[in-house]
Amino acid sequence: MSPTLIQAPSQAPSPSLSQAGIGTGSQPVIAVENLGFSYGDNPVLVGVDLTIAAGEFLGLVGPNAGGKSTLLKLMLGLLAPQTGRIQVLGMPPRAARRYLGYVPQYPTFPRDFPISVEQVVLMGRLGLGPPLGWYRPADRAAVRTALAEVEALDLAARRIGTLSGGQLQRVLLARALVGEPRILILDEPTANIDQRVEGDIFELLARLNARLTILVVSHDIAFISGFVHRVACLNRTLICHRTDAVDGDLLHRLYHADVRAVAHGH
Amino acid sequence: MNEFLTALTDHAFLRTALLAGLLASIGCGVIGTYVVVKRIAFLAGGIAHSVLGGMGAALYFGFDPLLGALIAALVSALIIGGVRLAWRAQEDTLVGALWAIGMAVGILFIAKTPGYSTDLMSYLFGNILLVRQRDLWLMAGLDLALVLTVALFYRQFLAVSFDEEFARLRGVPVTFFYLLLLCLVAVTVVLLIQVVGLILVIALLTLPAAVAGHYVHSLGGMMVIATLLGIGFTSGGLALSYGPDLPAGPTIILLAGAVYVISAVLSGLLTRRRAQRLAQRPGPAAVTAGRGTLGPAGPSA
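So the protein lines, in turn, are chains G and E. According to the numbering used here, the first sequence holds residues 514 to 779 in order. According to the numbering used here, the second sequence holds residues -8 to 292 in order.
Next up, chain E with everything else stripped away, as it sits in the complex (with noise of 0.2 Å):
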């Protein structure tokens, strides 16, 4: 640990990577908590993937992959939300369907595009340490719509999230702000895509918003919290990372991974306990979870 804080003073591309943990946690905080609350997961999973065709047809034509990434995911966010909105009883195959679909496109671009191509593991495990000055800038331009955005609506994404139909009779326009969300998930996925690769985008999108969940009962608070467990994740795995030379994508994903498990552990034991206390006592709490309306070792998030 020692040895990546004094690499960290001498090489300016560890502190590039550094930031873009940090940039790319806002993102994985505020959106991957309505991607949990929601349970839209898969579909994120699937936009995710499908940006490697953006990013092959990026890299066949000669723009900048990176900008290939954000077209693409935004296309893909539509064309999904436009399938789960239209057939919504085959919704799981055809996102399935254009999850496969988008990568078989862009690896054909891939395998045609003139010279050497070891970008390709780069785009699907990340590598954050690749990360370029300019980068940053449109990390932190993409973070600022991002939050600005959610700010704007929050009530109205609350709504949609929490319960479509109520927020259809409210006059929220449903349709418009459940897409608007599916772009949202799709910038956030270029940005994670920067870090960790875009295979391992769904465990950043989840794991943090899920850890979260596991402690505090609010958005607002799922959001920050999972913003700090993001910047952890990052920060952690990439000093993890350095001295014993591991890829850093991996790292931080199982890092991720780890206190996801030990944190579910946890909080189900401190459920089980709270609700053993609560059967002990005698009172009105008692009463109402001996009728069973409350779950005593019910859902803990």
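Isolated chain G (complex conformation) (with noise of 0.2 Å):
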């Protein structure tokens, strides 16, 4: 992480590069100006600055440390922007949140927690009945709906620690889709899944963008690339392309190493 990238913004010229993506016309679903972060004394985001419009499908990609994580928890709202601005369906994004469906990278509850798929995949419709009382038959339909979409209806009886992580990641995803969100955002979804599995849930995933906003983070810029409409690269500050323009260059840029140049197929 060089000073030098710090200082690059000025060449990541991105309202420009954002109309270039896919479902310009409408308007930007999530909109980040100027963003900066840092714990304590390091900084981890400086000048961000990121559109991403309705229908998209972003994938964020970038070293590790690089802010990726930070970034989404700004946007989700479990982090306040020291600098900057960020607005999610023109709101703060605390007031968007019910908009939002959010897959984790590590699930943050242990294995051996005594509950069902479908009581973890009910979680994810908190907020939108009444706050007091069980759920409604409503909102188990709508889990059946979910599991039935992420093709794992018939775990939902099974207990969350005997999932393989394919599966899991497939449950959270339903978890994030039964909330009837906006905007999916998903941190590094297939990172503890082999390849093929990891295949299977990006076709999930584009089919899903027929009707939802999804952004990605991954730290597997060569695989994400073959899905996403676009990729923002992030290395404290941000430099944004279509798929198309990854090259050696930017990743050289990015990475600060060389890094093997990887074609794309499309």
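Treat the hints with care, as some may be off.
What the hints assert, rightly or not - Quick list of simulated restraints, FRET-style, between CB atoms:
#	chain 1	residue 1	chain 2	residue 2	range
1	G	Q708	E	S258	46 to 52 Å
2	G	S551	E	E156	20 to 26 Å
3	E	V207	G	S551	45 to 51 Å
4	E	A95	G	R671	48 to 54 Å
5	E	V207	G	L645	56 to 62 Å
6	E	G132	G	R709	56 to 62 Å
7	E	F167	G	M604	39 to 45 Å
8	E	K103	G	A593	15 to 21 Å
Calculated from the structure, these hints are not laboratory results. Ideal Cβ placement from N, Cα and C applies to all residues, glycine included.
Two independent chains are provided; combine them into the complex using the hints.
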């Protein structure tokens, strides 16, 4: 992470590039302006500008500790920006939360928690019904629909700790979908699963993209560029590119090391 | 055992003791389940021990020690919860400090209280035989409050126990429910202090729920089984202690501990045998296990 990269935002005129993205013409669903965030003395994000249009399927890539997860947490309103601002659906992130579906990178729960898949997915319905009492039949119906959509209906009665990595990701995706979100945000959804299952999950995301705006974080630029419309590369600051513009020069600047260029088959 | 049953019909205080055990078991089953799945036994221990501060103060100023215990438990639950939310990195140090400070305050108050302080032992180790009739009403009221709160906010408590970050994203006021949960733990501690005293509380708060967790895999199921186990432990411990004239609290705890150890060994064996059967039978389940995603000898709870 060299200092020159921190001063690089002028090289990334993201507004013009975002207009080159797909789904233009409508209001941006996520608008990030001159965003800065640091943990203590350690700047994680500097001068980040990013516009995500409705219907877009955006990949966010970058090296470890490049600020990807922090940017997501800011979009979700789990952290507050120190400089700049974020608008989600024209609202502050906290107010827009109920329109967001979130799939975390690591499950933050203990695997041995005594809970069934259905109960886990039902949690995605919190905040939609009355605050008191149990879930309603409509919630259970929505859970079945969401599980069917991710092809995991047969797992409904299973205990969460008995699932394989790929099954767990599908269930977490269903938990995000069941709240009827407008934007789906996934943090490394395929970090802990094998390549074949990874392909299945991304094909599923591509189908969901027909009705949802999707933002997916990955460290694997080669893999995701076959699915997403546009790749945003983050290493403290942001460099936006369409998938076909990802080349060795960009990768070199981004990772500050020689990275083998990736051929795109589309 | 027969001797105990005869005594039960003869002595009202024994019936009161049995009822106290029953009422305490409801709290230990319902709230103990949260303590176990959310892994806050250490926090619960801190709350339980700092209660002595409130009991000592109540004794010194001439209030009902049980009322002092209730107030002290709620205050220490909020302090410990606040400490955990504000200084997460040093949580264990600070909870440990509060644990000891609460006890020290209590001991000083008791030492300076005029008159004799034989009550100290029964605060620390409980004396179920000294439970008064009116204490039962207070215990029943606390139980009702616990069960009602959990029933009304079951979804929120489940979400906050399972995945705080996701609960927050779904608009659940996580901090509020976390502190409320600790307050429910505080109320349960007061219920259980009657039965086993504040030092042994932590065992009744964790062991019945942990044994239940060996066999049932839903939160509601754990609560029911843990409550039944709690009733079994308190009644059984009381009966076992009566004949040889042993203190009831420690007998209850040793019974619970013995059942826990046996159950842990048994459920470990069952899990291993199930995994071996799966491994021998070629099929989709065995393939899953072979990929290493399903730990065959994984956590049994």
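Do the hints match the structure? See the list:
1. G:Q708 with E:S258: 46 to 52 Å: The hinted range 46 to 52 Å is violated for Q708 of chain G and S258 of chain E, with Cβ atoms some 36 Å apart.
2. G:S551 with E:E156: 20 to 26 Å: Check passed, 21 Å falls within 20 to 26 Å.
3. E:V207 with G:S551: 45 to 51 Å: Cβ of V207 of chain E to Cβ of S551 of chain G: about 46 Å, so the range 45 to 51 Å holds.
4. E:A95 with G:R671: 48 to 54 Å: Between A95 of chain E and R671 of chain G, where Cβ atoms are some 49 Å apart, the hint holds.
5. E:V207 with G:L645: 56 to 62 Å: 26 Å, violated
6. E:G132 with G:R709: 56 to 62 Å: The hint (56 to 62 Å, Cβ to Cβ) holds, given that G132 of chain E and R709 of chain G are roughly 58 Å apart.
7. E:F167 with G:M604: 39 to 45 Å: At 23 Å between Cβs, range violated.
8. E:K103 with G:A593: 15 to 21 Å: 49 Å, violated
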